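Listed below, chain by chain, are the residues.
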Amino acid sequence: MRVLVCVKRVPFTGGKMVLAPDSMALETRHLGFTISPHEECGVEEAVRMIEAKSGESVVLTLGPAEAAEQLRDAMALGVDRAIHLETDGSEWDPEATAAAIIDAIRADEAASGPFDLILFGNESADSGGFQVGLRVAGALGRPCVTGLKKVTIEGASVRCEQESEGGRDVYAVPMPAVLTVKEGLNLPRYPSVPGRMRAARKPVATMTPTQAQARLELASLVVPAGQGRRAEVLGSGPSAAPAVVEMLRKIGVV
Amino acid sequence: MAPVVALIEHADGKAFDTSLQTLAVARSFAAGQAVHALVLSSPIRLDLELGRNAVFALANDLGHYGVNVAHIAEHEALDSFAPDAWAAILGQLADQLDATAVFAAGTERGNEVMARVGARANLPLATNCIAVSAGDPITLTRQRWGGSLLEEARLNSTRPLVTVAPHAVPIETTEAETKVETFTPQLKEQELVVRVIEHVAAAGGGVSLAEARVVVSGGRGVGSKEGFAIIEELAGLLGGAVGCSRVVTSAGWRPHTDQVGQTGTKIAPELYIACGISGATQHMAGCKGAKRILAINSDAEAPIMLNSDYAVVGDLKEIVPAISKEIRANRGHAG
Ligand SMILES: Cc1cc2nc3c(=O)[nH]c(=O)nc-3n(C[C@H](O)[C@H](O)[C@H](O)COP(=O)(O)OP(=O)(O)OC[C@H]3O[C@@H](n4cnc5c(N)ncnc54)[C@H](O)[C@@H]3O)c2cc1C
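So the protein lines, in turn, are chains A and B.
When you line the first sequence up against our numbering, it's residues 591 to 844, in that order.
When you line the second sequence up against our numbering, it's residues 107 to 441, in that order.
Chain B on its own, in the form it takes in the complex (with noise of 0.2 Å):
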């Protein structure tokens, strides 16, 4: 029986947890189908023997996680990141193993590349899905809103192209003997215009929002940009990030790069601090990973409330202050 195929992206020698969860959903939809994956690579990295024995040792280990065969693709244009050059790729090999479905983690690269990939071959695609079975038609359940609310659909294709939500569903662990193999594409030119021609690195300094373990975030009812001073304060004292809703942004008081929600970053720290922040499902959508939230709010019936699992119930220019200063006198004891 032909097999399906899954795209596997990878950094350092390990492949990308969500890589791992796209294989789980990918090994059930097959059902007793060979799983094959897809390993991108350039020779440029593989010079070193180094790299190439990192890239196999990677692709080797894909066993682990139902693989029975994985790909590792080498071309020198590979070296920088060139979506068509990747989604040619991957048409190609599921072209060859006359794939009954192609898998890729609904990543940013992933979501993007299969995309592509549907432009191509004229194949429908379904993006950031948390269950597929397999059946005539195809039945999946998907997230729309940022994953603020899920849609059970049908697909009709004979090879249904799939993205994985990042972090929805578990890696499975197994055992499946690995053969390695090579694939040798071939791309055209026009497969490389699009390509990454440089990396500027941010700018860093302070915690970045997305690494951070705390999270203090204000929203209108922070007031206006001078407000946000007892925010960073906060922050400051326990070594986290600053974060904002939208409406923060809109009026300027903060740059988008602190906005937290479905359209700006999306977090997982140990807290959350919600400071007038009413709680909106698309805000939600960005904070939902956190391991605890606590909000501050003048309203007790904010729907924040129902998300949180602490919450002070007042005005956050008296509360966030009071705060501080209690962090400042306990660590004035201890010290």
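This is chain A alone, in the form it adopts within the complex (with noise of 0.2 Å):
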């Protein structure tokens, strides 16, 4: 079986968010990088799916160049090799990213045959669209199912829960399909020094396609105004204990 598993570089941004000067970005010079979290858990279940039936786990990206790490992370875990679509680091509305995505698609598989499962983060970490995924789906003409919590494949389908009210959401699709999961789906693994070492001779093909026209274009950031909460110090160690019983007997809540 083939599977695509495609992800995003997003800083990890620590107990604020700063912006760069130009206000069109977060200060992330200071900034370590991850593939966020939903996508990290469709990392592993790819490779988790070749692993039992075999076949080829591919990862895409669209980013810059340095967005080549993840790509690399990714392959650390696992993956077989990468596909990297390559920008200048400016921000792609959702549109253009999914068309981008949706051309790669079509070519690798002219090239090497259908994915079964294409997989994507329910949401991106940073802008949260909640539609790449869903527009690669719609463009190929495949079924495809959101936010799921556990993926088992039964034959030539798949069977597909998505967390609710009270409980899960039951789906089965036939395959080729695109799903996009959250993460919880798995406990990813921890890139192993063997596995580090094989990724960095696997092979990463680099393409720049060109953006489409923006219909969602971004103007600026804007830090949201704090909650203004600055905490009242009850004490300090376990001598604070009855401060602490005093506020939550205040509080209604013991």
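Treat the hints with caution; some may be incorrect.
Estimated spans, in silico, between C-beta atoms of each pair [stated by the list, open to error]:
#1 B:358 x A:797: 31 to 39 Å
#2 B:285 x A:620: 38 to 46 Å
#3 B:258 x A:822: 28 to 36 Å
#4 A:815 x B:282: 53 to 61 Å
#5 A:815 x B:185: 41 to 49 Å
#6 B:282 x A:655: 53 to 61 Å
#7 B:240 x A:783: 53 to 61 Å
#8 B:240 x A:615: 25 to 33 Å
#9 B:332 x A:757: 25 to 33 Å
In short, the hints are calculated from the structure, not lab data.
These numbers come from a predicted model, not from an experiment.
Positions of the beta carbon are idealized from the N, C-alpha and C atoms, including for glycine.
Each chain sits in its own coordinate frame; assemble them with the hints.
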């Protein structure tokens, strides 16, 4: 079987959001970067599927040259090869992102055969558009199930579980299909040292797609006003316990 | 003038608050144009006279939130959630009305259905907005990073698709005369391929994280899986639920169902007790709805101190058991 997983490079923002001087992006000079958590679970799932069924797993990202780091991270977990749709680092809107990914999928499928499953994160961690996976599925004419916490391949179809009010909603769709997943789908493994060494030698195909005209255009970023809570210190160490219980009583929880 | 249309999610004869919040944004965008609403229902449910009356009453009641015309779409396929079918119906109604904008709540289903509407009609979608103004281009403010950051954006579209961030804007009431109409959708077989075939109820037992009045949460500072015994003990004494940070779930100390944050559960308890949690933006995105936050942290300068109401500085391994002991001692006196 063939599985594609699409990931996005995002910064680890830490305790507060700091903007670049032009307010068009976060100040990321001092930050580390990561694959966002939903997609990290997508990577793990793709690797497990190929371990169980054999075949090929591929990771794809659209992002700046530095996003090669996230592709290596995915390959260190066991993904076989990578496709890098390289940008100048500016933000692409969801439609432009989907268009470039659709072209890349069509090209890869023409060369290597169809992907049985294409995995996306339910929403990107930073811009949170909730739509790239669904747009790709729409263009390819494949069913898409979103927000999955459990995925089981059953013959030619895939059983999908999504958290919902008071439990889980279950879907079953035929493959090929597109699935968007959430953190909690599995517990991703840590990359091993041999895994990292193998990843360094795995193939990365780099392309520079042209950006479609954005229809949703970022004008500027704004850090929302803080909640203005400066903590009232009730004490330090275990001797603060009576003051804590007094507070609990005052607010009516004991 | 052509109207705007909003999708109304509902259960047990009540529209969701998130849908009513959406109507406030839709109405301000409409600026005098008519506001239409779409209410989906299945004849299986409508079968019972009671169910039919409840959906009709709900639709009729939308006048209090500024809806001029409420369309009830009935189809037997709507008995279980089928997102492509929902998108098809919403798209058909928007076409029929020649709607100038389509709105839904930024819930899981709202975002999903609107993304499908966008994919089908090749229209751009702005998710989780808190304000939208008509114009050319349309200008809007939307949430990023689960609400930790805002974005001002321009949307170039003849029919903007907009979802409204849950619990970020107030519900607004007014008095409008609501006309209730029936809408008959046309559905194709392929629009029913993706549909809920089964609902598995949660295992139950214990207080649910999302609903708990008190949540006692542990982060990296708890140190180990076993370290959570003192967190569980305090949560138990307060009738609350246990939560945790992502560091904890990644380490395998707690299941992901306990994780609070942007990629975990979003909670709004009366009291959130954060033990050994630094207060990263993605963690706070999940608990900023808490009425009060108590931070227990060895670092008096941890970012969480700027986002909490109360703090105790020191080692949680000593402080948390001391609080439990104090609660027990007080109960002893009372009893
Ligand atoms: C896209 C994205 C999504 C994310 N989603 C989430 C999410 O949903 N939820 C989430 O939690 N995180 C999320 N994260 C991770 C987040 O950025 C932080 O890494 C994480 O919240 C840190 O967890 P922590 O506070 O437990 O650990 P740390 O940041 O390491 O903080 C540990 C704290 O414990 C204190 N401490 C240590 N020992 C003691 C002791 N003995 N007594 C008292 N205090 C002590 C320290 O002073 C410190 O403040 C996400 C990250 C990204 C990039």
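A quick look at each hint next to the structure:
no., hint, in the structure
1, B:358 x A:797: 31 to 39 Å, "holds, 38 Å"
2, B:285 x A:620: 38 to 46 Å, "violated, 58 Å"
3, B:258 x A:822: 28 to 36 Å, "holds, 35 Å"
4, A:815 x B:282: 53 to 61 Å, "violated, 33 Å"
5, A:815 x B:185: 41 to 49 Å, "holds, 45 Å"
6, B:282 x A:655: 53 to 61 Å, "holds, 54 Å"
7, B:240 x A:783: 53 to 61 Å, "holds, 57 Å"
8, B:240 x A:615: 25 to 33 Å, "holds, 28 Å"
9, B:332 x A:757: 25 to 33 Å, "holds, 30 Å"
The structure fails to meet hints 2 and 4 from the earlier list, while all remaining hints are met.
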